[in-house]
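All chains, please: the whole structure from these sequences, using the hints.
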Amino acid sequence: MREEILITVRDNYKIDPTVSAWGWQVIADLFLVGLTAGALIFTALAILGRKEDTFAFTAKRLPLVGLISIGMAMSFLFLKLTHKQVFYSFFLAFVPTSVMSWGAWLLQVVILSILLLAMAGLRQGYPMLSGPVDKFGIGRWALDLAEKIKRPVAWLSVIMGVIIAFYTGTLMTSLDARPFANSGLMAPLFLTSGLATAAAVVLLGSRGEQERRIFSYTLFGLIAFKILLLALTLVNLASGSKVQIESVQMIFGGDYTQLFWVVFFIPGLLLPLLIESFGLRGKRSAWMAISPILVLYGAYMLRQLFVDLGQLSGYIDYVNTYNPALLDLLRMH
Amino acid sequence: MIRYAMVIDTKLCIGCGDCVVACKTENKVPAGLNRDWVVEATTGTYPNLQTEFRSERCNHCTKPTCLYACPTAATYTWEDTNIVLVDPDRCTGCGACIAACPYDARLVMNEGYVSKCTFCHHRVEKGLDPACVASCPTKCMHFGVLDDPNSTVSRLLATREHKAMYEETGNEPQVYYLT
Numbered sequence: 000m001r002e003e004i005l006i007t008v009r010d011n012y013k014i015d016p017t018v019s020a021w022g023w024q025v026i027a028d029l030f031l032v033g034l035t036a037g038a039l040i041f042t043a044l045a046i047l048g049r050k051e052d053t054f055a056f057t058a059k060r061l062p063l064v065g066l067i068s069i070g071m072a073m074s075f076l077f078l079k080l081t082h083k084q085v086f087y088s089f090f091l092a093f094v095p096t097s098v099m100s101w102g103a104w105l106l107q108v109v110i111l112s113i114l115l116l117a118m119a120g121l122r123q124g125y126p127m128l129s130g131p132v133d134k135f136g137i138g139r140w141a142l143d144l145a146e147k148i149k150r151p152v153a154w155l156s157v158i159m160g161v162i163i164a165f166y167t168g169t170l171m172t173s174l175d176a177r178p179f180a181n182s183g184l185m186a187p188l189f190l191t192s193g194l195a196t197a198a199a200v201v202l203l204g205s206r207g208e209q210e211r212r213i214f215s216y217t218l219f220g221l222i223a224f225k226i227l228l229l230a231l232t233l234v235n236l237a238s239g240s241k242v243q244i245e246s247v248q249m250i251f252g253g254d255y256t257q258l259f260w261v262v263f264f265i266p267g268l269l270l271p272l273l274i275e276s277f278g279l280r281g282k283r284s285a286w287m288a289i290s291p292i293l294v295l296y297g298a299y300m301l302r303q304l305f306v307d308l309g310q311l312s313g314y315i316d317y318v319n320t321y322n323p324a325l326l327d328l329l330r331m332h
Numbered sequence: 000m001i002r003y004a005m006v007i008d009t010k011l012c013i014g015c016g017d018c019v020v021a022c023k024t025e026n027k028v029p030a031g032l033n034r035d036w037v038v039e040a041t042t043g044t045y046p047n048l049q050t051e052f053r054s055e056r057c058n059h060c061t062k063p064t065c066l067y068a069c070p071t072a073a074t075y076t077w078e079d080t081n082i083v084l085v086d087p088d089r090c091t092g093c094g095a096c097i098a099a100c101p102y103d104a105r106l107v108m109n110e111g112y113v114s115k116c117t118f119c120h121h122r123v124e125k126g127l128d129p130a131c132v133a134s135c136p137t138k139c140m141h142f143g144v145l146d147d148p149n150s151t152v153s154r155l156l157a158t159r160e161h162k163a164m165y166e167e168t169g170n171e172p173q174v175y176y177l178t
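Those sequence lines, one after another, are chains A and B.
With numbering that gives the first Met the number 0, letter number 317 in the first sequence gets 316, and the count goes up by one each step, no holes.
With numbering that gives the first Met the number 0, letter number 89 in the second sequence gets 88, and the count goes up by one each step, no holes.
Since the hints were derived computationally from the structure, they do not count as laboratory data.
No residue lacks a Cβ here, since even glycine has one placed at the ideal position from N, Cα and C.
Hints may contain errors.
[To be verified] Which residues of chain B face chain A? A partial, calculated answer using Cβ under 10 Å: (1) Gly31; (2) Ser54; (3) Thr64; (4) Cys93; (5) Ala98; (6) Arg105; (7) Leu106; (8) Tyr112; (9) Tyr165.
[What the hints assert, rightly or not] Subject to a maximum C-alpha distance of 30 Å in a straight line, what follows is the list of computed DSS-like cross-link-like pairs (lysine-lysine): (10) A/Lys241 <-> B/Lys10; (11) A/Lys147 <-> A/Lys50; (12) B/Lys125 <-> A/Lys13; (13) B/Lys27 <-> B/Lys62.
Printed below as a string of structure tokens:
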């Protein structure tokens, strides 16, 4: 046997009994940044392929969804900070060894890229919104400029989309003290997931028949590839170090088995894959709208599980016998 | 880099917790938070069990993943040593260091910034031992410069069997336990 008991008090906030430094704000941030990355890539590819009419939603409307997403992601990230008054410290230093530092700077370029793409598509994608902007000289000038430079911006967007989606996965990988999240496959997994979320948004928002058909195929392929990458990630963890093997046991017979397989894998990956397989015949029925919704749910759950189980896994495994309620009981008597 | 190390004799430690109280008093650590703690580790099969007490804290690693992960450079090392400190005026409380520390040795202060054991560097610069070491009633804790072959910590590590916690992380922890 091996038993390690804390015999002095340790009830540090967000550390004990298990690490919970990253909550829903980080999970939502990773999800929304992934969606923005997917939007950047798909919009840019539509522009670069000169298919803006065929992929009208993707080219002209999706960037605004991405812009709102990244805005929300940044807001959630700010909410997560426990010492908000010095949030500007992110921009007072660049730490090459810190993935989060890279992210802080790269996100500025991403915000600029998605803003320019959103502005480029505003007049045709959202005429109701562009009307008031066009009334002001500077607004008109900004929209003209965005439309003029949209091709170079699209090139930048493809690169930044891939980099920022990789960043969300690498952020998890870099934390080698958290074995469950410490796999090199997290970056491609999060990129594929980000692309799938953007494809799901297109399927929910687009009315173009050809656009919907092609994104049906795309989403099917992305979900299938995501399942493959997830399987490889789990194989990677299961054949890793002792702490990684122990961590992956949480979902193979451990306390989180049902949550992972029943609450995430089946509804978030398997079911949409099955539904999308009907779309491969070329016709997309109305009831199939459930599939992209499940894809969005699955993408959020994927991040939730890797963040939460990542924090639950670790090197330290003390039995913390301290119970703050005991103090209250003592006071009562 | 000057490497400071702490050496704790598990054969002498009785788990009294004086080190914990000394740290809280010296560093004015708020109620409910702890920079150090004592672990009672029992191994073996009944009736052949072995128990050791370990006074634990930040390991002041020479390859500190917390420092590498900090995006704002709020985590830094003190004057070309391995003593890892946090600047509250730069710490945003993003939690990257907490996720990166394999020892769960960091804590979030009530004000929101992250804190940790400092090896009482304010005492060390005056030539004193950290408060936990100075207060230990069994004298099981030792502190000094590891690169000095004549220091107590170097001599103890040269002559006694010892271990450091989770060396497989590659962090090169500098708190050693004599076994």
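Violated constraints from the hint list, given by number and in increasing order: Violated: hint 12 alone.
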